[in-house]
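Trainee: Each protein sequence line maps, in turn, to chains A and B.
The first sequence begins at 1 in this note's numbering and counts up by one.
The second sequence begins at 1 in this note's numbering and counts up by one.
Source of the hints: derived by calculation from the structure; they are not laboratory data.
For every residue, glycine included, the Cβ atom is placed at its ideal position computed from N, Cα and C.
Fair warning: there could be bad hints in the mix.
As the list claims (entries may be wrong) - Computed cross-link-like contacts, PhoX-like style, restricted to lysine-lysine with a CA-CA straight-line distance of at most 20 Å:
hint, chain 1, residue 1, chain 2, residue 2
1, B, K323, A, K130
2, B, K357, B, K342
3, B, K342, A, K123
4, A, K106, A, K130
5, B, K342, A, K130
6, B, K323, B, K142
Claimed, not checked - Chain A is nowhere near these chain B residues, computed Cβ spacing over 12 Å in every case:
hint, residue
7, H86
8, H91
9, R140
10, T199
11, F221
12, D255
13, N259
14, R324
15, H343
16, S351
17, H355
18, E380
19, T390
20, R395
21, N405
22, H416
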Amino acid sequence: MQRYDVVWGETTIIVDNGRLHEIVQWLHDDETQRYDYLSDVTAVEFRDFERPMEVVWHLRSLPFRRFIRLKVLLPKGQPLEVPSVWDIYKGADWLERECYDMFGIKFAGHPDLRRILMWEQYKEGFPLRKDFPLRGRFSRSEQLRQILSQNPEAKYSMDELSIVEAFDELPPDVQQRLGRGERVG
Amino acid sequence: MATKTRTVEVELSTTGLDKQGRPQRVPLVTDSAGNVVPVTAVPAMEPELEADHMLINIGPQHPATHGVLRLVLELDGETVVRCIPHVGYLHCGFEKIGEYRQYNQIIPWTDREDYLNSPGNNVAFALGAERLFGIEITERCKVLRVIAMELSRIISHCVWIGTTCIDIGAFTPFLWIFQQRERVYTMLESWIGARLTTTLTRVGGMGADIPDGWTDDLANFVRTFPKVVNEVDAMLTKNGIWVGRTVGLGAMSPDEAVNYGLSGPMVRASGVAYDVRKDFPYLDYETYDFDVPVGSAGDVYDRYLVRMEEMRQSVRILEQALKRLPDGPVNVDDHRVILPPKHKATSDMESMIHHFKQVMEGPRPPVGEAYVAVESPKGEKGYYMVSDGTAKPVRWRIRPPSFVNLSAIPRMVEGHLLSDVIAINASIDIVMGEIDR
């Protein structure tokens, strides 16, 4: 634990990136804590570019009616990677995916970390980062071109196509793209 | 996934429950001796089918997905083996836009995320912003906000009952309950001028006080609305088709429901009495007398029962709020955050300066952050705001309850039939505007 603050009745604890998983596990399991409910996973990037990015977990203890906020600071210039808490809270699945989608923060240990709100081929980066302009990186015409150039036949991912073994029936170019490991879903 | 036997099955006099806990749908006939016995049919030989799994795509443009949800299902026969949900078709970047808007300018955006619960979202956002600003709102404002939240809970549950009925095959309750919803919208219209996207609150107060005679409308609504709930109750709760299509579906155990982060009626149907109004009270909810209904099995039927009871409890809260509604100002007396009255802004120099500063620069909160959660009809709705001392938030985060609830759908539908996917999906009460934001 690096630092803790209590502001407006909300406890904020800033923890070490390496020990986050261990701390969350302890908060979840310990009989005197029992933080069994994960409210939210999100991140904050500040307008001040020097300031480290923060990944924020909001935990609740339903038996004790407590609330806690955990934070990990990710200094600029270092890889954006934090441990996933998916193995402790199943509810973290989509929340972490959304955080990855919007900020590009990798959650090590997440089983299926891919974009969720934006589409798989989205090339403009991570929308909620402060260096991302409000209207998007590309011009409107380029954005339109990219959307129109999407192949409507390739709207299933490899994962889903393996269900029906429909791979052979796809157009050859889609087969090639899927073969390269590209996600076209 | 053992389902407890409840009285409803006995009352429906089914011949018993099948393996999945549903009442058997075997017709009863009278035999030659005059006894009522189930039909005994000779089981037909199943034809040899190929063992291939089938891929079914539901949505994004499908009326039963309540918006633009897309579910890719792997079927073995008619049983769902795997479900891969796809969301994001309605993503508008509300959180990004919020970083470029002043606090009061964000409130219209909160209308549009969970658009069935606009007044509730407005109140939730205003509460979060007020904690950030460090404002204590007036007593009248608190009670008016409670009224707004409970009315929006009622209209949201009305839509839920109506659309779920249609999904499952009942049409009449939809008409009955939407008439009541229309009454609430008419009341909201006379309060704030808008029906669906209300923008009811401001930071530090409300957009408008209630007009004269409005409490009479509300009292009338409170008196007559439970009658319609009872009618719907009588229509559905003991209805064989309704029970057959909801009991035992998508059951979640209490531990699982908490672990998956479910909230609202979803977690309460599983037997966990987690209600933000009770556990982490806001707006003096701890002083109101109301019950938190919980279910036992956590299936679609229990979610229906919980929501029905919640509407009755909302009516109870509205009754109490009507009794205690105090006189006095609605807005805080602090012109750093609240616009001065219009007549003063045009006649008084100081008020005009306040007005100008408010509109051009916007109120500035101190540096800090706040996470405020309220009990929306869908569950725990949280707003997390981070301020760096400027008039626009650094980060505005919505904690969307239906997003987290929907993330459990692969777990809930696996092993059920394709037609039950529709019922389970309906029971989550999703609003895609909130999921995709």
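Trainee: So, for every hint listed, does it hold in this structure?
Mentor: Each hint, compared with the structure:
no.: 1; hint: B:K323 with A:K130; result: violated (48 Å)
no.: 2; hint: B:K357 with B:K342; result: holds (14 Å)
no.: 3; hint: B:K342 with A:K123; result: violated (48 Å)
no.: 4; hint: A:K106 with A:K130; result: holds (17 Å)
no.: 5; hint: B:K342 with A:K130; result: violated (37 Å)
no.: 6; hint: B:K323 with B:K142; result: holds (13 Å)
no.: 7; hint: H86; result: violated (8 Å)
no.: 8; hint: H91; result: violated (4 Å)
no.: 9; hint: R140; result: holds (23 Å)
no.: 10; hint: T199; result: holds (22 Å)
no.: 11; hint: F221; result: holds (33 Å)
no.: 12; hint: D255; result: violated (8 Å)
no.: 13; hint: N259; result: violated (5 Å)
no.: 14; hint: R324; result: holds (25 Å)
no.: 15; hint: H343; result: holds (35 Å)
no.: 16; hint: S351; result: holds (30 Å)
no.: 17; hint: H355; result: holds (28 Å)
no.: 18; hint: E380; result: violated (6 Å)
no.: 19; hint: T390; result: violated (8 Å)
no.: 20; hint: R395; result: violated (5 Å)
no.: 21; hint: N405; result: violated (9 Å)
no.: 22; hint: H416; result: holds (17 Å)
The structure is inconsistent with the numbered hints 1, 3, 5, 7, 8, 12, 13, 18, 19, 20, 21, although it conforms to all the rest.
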